[in-house]
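**Q** Once you have looked at the hints, place chain B on chain A.
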Amino acid sequence: MNRIVLVLSCFLLFVSSSLFAQVVNVYSARHYDTDDEIYSKFEKKTGIKVNLIEGGSGAILERLKREGKRSPADVFITVDAGRLYQAEAAGVFQPVKSALLSKLVPANLRHPDGKWFGLTKRARIFLRSRDRVKEGEITSYEDLVKPRWKGKVLIRSSSNIYNQSLVGSLIAVHGEAGAEKWCRGLVANLARVPQGGDRDQIKAVAAGEGDVAVANSYYFARMLNGTDAEKAAAAKVAVVFPNQGNRGAHVNLSGIGVCANSPNKANAVRFIEYLMGTEAQEVFAAGNNEYPVVKGAGTVAALEAFGSFKEDKVNAAVFGKNNAAAIRIMDRAGWR
Amino acid sequence: MKSNPGRYWSVACFALAAVVLLPIFSVTWNLTQDSEGVWGHLAETVLGKYISNTLLLALGVGCGTLLVGVLAAWLVTAFSFPGVGFFRWALLLPLAIPSYLMAYAMTDLLQFSGPAQTWLRETTGWSRGDYWFPQVRSLAGAVFILVLCLYPYVYLAATTGFLSLSASVIEASRTLGASSWSRFWRVVLPLARPSIFAGVALVVMETMAEFGAVDYCAVDTFSTGIYRTWMGRGSFVAAAQLSTCLLGAVGLLYLLESRFRKSAKFHHATQRTQPPAPARLKGARAWAAFAACAVPVLGGFLLPVVRFLQLTVEGGDSRTGELFIGLAGNSALVAGVTALVAVVCGLLLTQLRRRAPSSSNLFAVRAAGLGYAIPGGVIAIGVLAPLWWIEGGVNDVTESVLAWGPGLFLSGTIFAVLFGYQVRFLAIPLNVIGAGFERIRSTVDDAARTLGASRLRLLFGVHLPLLRGSLFCAALMVFVDVLKELPATLILRPFNFDTLAVRVYQLASDERLSEASTGALAIILAGLVPVVLLTRVLKPTHADSAPPGKSP
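The listed protein sequences derive, respectively, from chains A and B.
The first sequence begins at 1 in the working numbering and counts up one residue at a time.
The second sequence begins at 1 in the working numbering and counts up one residue at a time.
Chain A with its partners taken away, still in its complex shape (with noise of 0.2 Å):
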């Protein structure tokens, strides 16, 4: 009999938060305090409470697959194309039509037909040593796999989704032969195994390990706001943005679609809208150090001093679509 009724309970309380209120139940791989700070905000503006999971993007991405139609969610949140490729593929996305976005969302940082929507972008940068790499020695992605950088050369594994999108932009622009030749290349100029994050790529050329390193802009500008030590291997090296003479820097995003079966459709649709409002850009952009996607956002101090830069305007769906391809690429040429 207790059973019975704490099963019940149980099932009121489940049900009238979902019945009752008006919220948006938001899945995210996302997760910074800032992020936490906007959702409040929009709560008190909105009424709308924001219920949150967060975890890491495969996981979440197959729970919300295989719940299917009785998903609580109405939105997912993913760090870069290639997952937002998967999810789209995956079909947990609905197609959204909203003039709003259409309008603040520049059309290479957004799916085609609405399934997914940029939120904040991010360059895959080089920082050289400053003093034995002169400016101007390293210009471009192709200038990596060049004899002169023969050990030179510092990169996480190849398991890191930011390096898979990388060679995934390769694939559209060499093809995949030209592709793989260049990850043999870049094997072969490897300073060491590839192992640790991007912030273990920049501090090991500072210390001397390589002279550049492959890493997100937005670790270098954390290394600028860290601890002293982290500051002081900072100062030691300097920001290249590759290919300003052709295509532009590889740029990746972090994205928000509405789920499939979003029992809040309305609310979904408000919530990315908000989003994209010049406040919450700015906020969400600086909580990671990231360069807001609609224009006329502020950008952040630390990348400010960067300087502005060319982008590879290719569509991230691109990219996102070769990362299979990428991977068994990778995979051959030995890229741990």
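Please keep in mind that the hints were generated in silico from the structure rather than gathered at the bench.
Fair warning: this is a prediction, and the values are worked out from it, not measured in the lab.
Mixed in with the good hints, there may be bad ones.
[Stated by the list, open to error] Simulated coverage check for chain B against chain A, where a stretch passes if three residues somewhere in it have a Cβ under 8 Å from a Cβ of chain A:
#1 188-200
#2 313-321
#3 380-393
#4 401-410
#5 482-493
[To be verified] Between beta-carbon pairs, the in silico distance windows are:
#6 B:Phe86 / A:Gly91: 55 to 61 Å
#7 B:Gly326 / A:Ala238: 40 to 46 Å
#8 B:Phe415 / A:Pro112: 38 to 44 Å
#9 B:Ser509 / A:Glu176: 40 to 46 Å
#10 B:Gly129 / A:Arg148: 16 to 22 Å
#11 B:Thr123 / A:Lys310: 43 to 49 Å
For each residue, glycine too, the CB sits at the ideal point set by N, CA and C.
**A** Using the frame of chain A, we list chain B on its own:
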């Protein structure tokens, strides 16, 4: 034994095992699915490396923990030397540190750009290539880190094993002229073997399922391959198939052990579990013992804690107070509930095995513990699959009758988390309590039954008191493991439910080690509470109970 109540009892236990087996089965079920050519590609490129690395890692960590854990356990139970009372519990401290955080701390400290090597270069004027330094991000580095993290499992198991040896066995061997070493090799070790094997088996399973630390050490194992296949190629089927291979390996391990020991029984003649009085060590021997106990505590606990403290001071988590009270509460609550339930389930299942040691029962009990060897993320999906299936059925019915469905009332609630932890951690009580049972002679049961004791009386009056140490150990290990657990929690948790481990992961995975260090310290602090409680169990009772004049 063929009485009806006994039969119901068996059926109930079998049902319990079946519930836990469902998720494991749902993972292995993927063997029948098509993985779209992933295997061909893996076999061509990286599979060989995955296999050799996993074997070497498991072997290295297994042997390393065996050496460190058994040696330390023998020293603190059989001898007295300076600091022995302190080491008895301090040797457990590394339990409180999640392995991925240990890996972060160690690599941060020992890598080329880390403080240790930077100091070396600055004081000597060397630069890259001028000197040799052990590479921490390597297979050897991963073994080193995991041995430091995991040896307490073996230490704990061996200590409970050694403490339950009765003084009379040791004294008999002493009387027969055996030296302390030959006593150890020929009497103590064989008698404590079930406990030690239970500990090592847990270590090996944990090692095979380990992802964070291994990945951070740049070693490609089956487990990292599973995640790479899953996340990178979006193929859960292939990932589940790879996980099933890990299960096969664990099955093989159990098979080997049962072959190895054949029909040997390890309980000893007397049930007087009064431990032998320790021998006093003096001079160089005392210091050697001191060092053997101090090194694991220093490396496995003090070093990372000092580093985390330093990082916290430099730039800790800015939301410490606001988040930690709630998070620590959540963590402790789920860990406590899980530990309690797991110990009860473990006791029921090992009981079954003891009462009716048929091969089908043995298999069911063994299989119920396999969740420990599957990477947490994969088992989490395995846990959700049957829940979704049940929910689907219930919703279909209620929707057609009432035009309303309860939605995801299992998988979307805390139930999924608690169930997932059972599946993942049941191996601990099964192994630890199982080893405890093996030390109790079956004639004890027969005697109790002959004297007219009911099954319940036997359990509560005889078994439970004798198993006290094992039960405590199992509960502690589950509690601490839940505190540290991450991948399954991440997938299974309901809306707005955070734990300490999740918070730490969110920061650490984003390379914000300084901020993560505050949460790491909180996990360590929470883990210390049960460790300190356990010290009371691990304390030999001979001083209190031995009649005066008898101790040397």
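**Q** For every hint, state whether the structure bears it out.
**A** Here is what the structure says about each hint:
Requiring three or more residues with a Cβ within less than 8 Å of a Cβ of chain A, the coverage given for the region 188-200 of chain B is violated, as only 0 such residues are present. Counting residues of the region 313-321 of chain B whose C-beta lies closer than 8 Å to any C-beta of chain A gives 4; at least three are required, and the coverage claim holds. Interface restraint, the region 380-393 of chain B with chain A: holds (7 residues with C-beta to C-beta distance below 8 Å; minimum three). Check on the region 401-410 of chain B: 5 of its residues sit with their Cβ under 8 Å from a Cβ of chain A, so the three-residue criterion for coverage holds.
Proximity of the region 482-493 of chain B to chain A, defined as three or more residues with a beta carbon under 8 Å from a beta carbon of that chain, is established by the 4 residues found. At roughly 59 Å, the beta-carbon separation of phenylalanine 86 of chain B and glycine 91 of chain A lies within the given 55 to 61 Å, and the hint holds. For the pair glycine 326 of chain B and alanine 238 of chain A, the beta carbons lie near 43 Å from each other, so the given range of 40 to 46 Å is met. Range check, phenylalanine 415 of chain B to proline 112 of chain A: about 41 Å between beta-carbon atoms, so the 38 to 44 Å window is met.
The supplied range of 40 to 46 Å is broken by serine 509 of chain B and glutamate 176 of chain A, whose beta-carbon atoms lie about 31 Å from each other. In this structure the supplied range 16 to 22 Å holds for glycine 129 of chain B paired with arginine 148 of chain A, their Cβ-Cβ distance being about 19 Å. For the pair threonine 123 of chain B and lysine 310 of chain A, the beta carbons lie near 45 Å from each other, so the given range of 43 to 49 Å is met.
Hint violations for this structure: numbers 1, 9, all remaining hints satisfied.
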